[in-house]
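Could you put the whole structure together from the sequences, leaning on the hints where they help?
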Amino acid sequence: MFDNLSSKLERAFQVLKGHGKITEINVAETLKEVRRALLDADVNFKIAKEFTSRVKEKALGQKVLTSLQPGQLMIKIVKD
Numbered sequence: 009m010f011d012n013l014s015s016k017l018e019r020a021f022q023v024l025k026g027h028g029k030i031t032e033i034n035v036a037e038t039l040k041e042v043r044r045a046l047l048d049a050d051v052n053f054k055i056a057k058e059f060t061s062r063v064k065e066k067a068l069g070q071k072v073l074t075s076l077q078p079g080q081l082m083i084k085i086v087k088d
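Heads up: the sequence shown begins at 9 in the working numbering, then just goes up one per residue.
Hints in this document: simulated from the structure, not taken from any laboratory.
Predicted model only: the values in this text are computed from it and were never measured.
Each hint should be verified, as a subset may be incorrect.
The calculated DSS-like cross-link candidates involving lysine-lysine, where the alpha carbons are at most 30 angstroms apart (straight line), are [what the hints assert, rightly or not]:
no., residue 1, residue 2
1, K16, K66
2, K84, K16
3, K54, K40
4, K40, K16
5, K87, K66
6, K25, K87
7, K40, K87
8, K66, K84
9, K87, K57
10, K57, K16
11, K57, K84
12, K25, K40
13, K16, K64
14, K54, K84
15, K40, K84
16, K25, K66
17, K54, K64
The following block contains the structure:
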């Protein structure tokens, strides 16, 4: 179950590869996939929605450090 969740989350963060900045559009695409992965892993809908909303608040407009790719920054935000 966790391997499946991990692979789905990894695929969700692939959307951000190649972007220089985290935008509302690519955050929305990524978090949509994250929410689906969480729901597929039987996470409560309300919790998945609340989690992705918090991540969205933190992620929007973040400038990507030159040493990090947007996907790496999003993963850091999720872990924090």
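Verification of the hints:
no. : hint      : verdict
1   : K16 x K66 : 21 angstroms, holds
2   : K84 x K16 : 17 angstroms, holds
3   : K54 x K40 : 14 angstroms, holds
4   : K40 x K16 : 11 angstroms, holds
5   : K87 x K66 : 12 angstroms, holds
6   : K25 x K87 : 18 angstroms, holds
7   : K40 x K87 : 17 angstroms, holds
8   : K66 x K84 : 11 angstroms, holds
9   : K87 x K57 : 16 angstroms, holds
10  : K57 x K16 : 17 angstroms, holds
11  : K57 x K84 : 19 angstroms, holds
12  : K25 x K40 : 16 angstroms, holds
13  : K16 x K64 : 18 angstroms, holds
14  : K54 x K84 : 22 angstroms, holds
15  : K40 x K84 : 18 angstroms, holds
16  : K25 x K66 : 18 angstroms, holds
17  : K54 x K64 : 15 angstroms, holds
Figure legend: structure checked against the earlier numbered hints; every hint is met.
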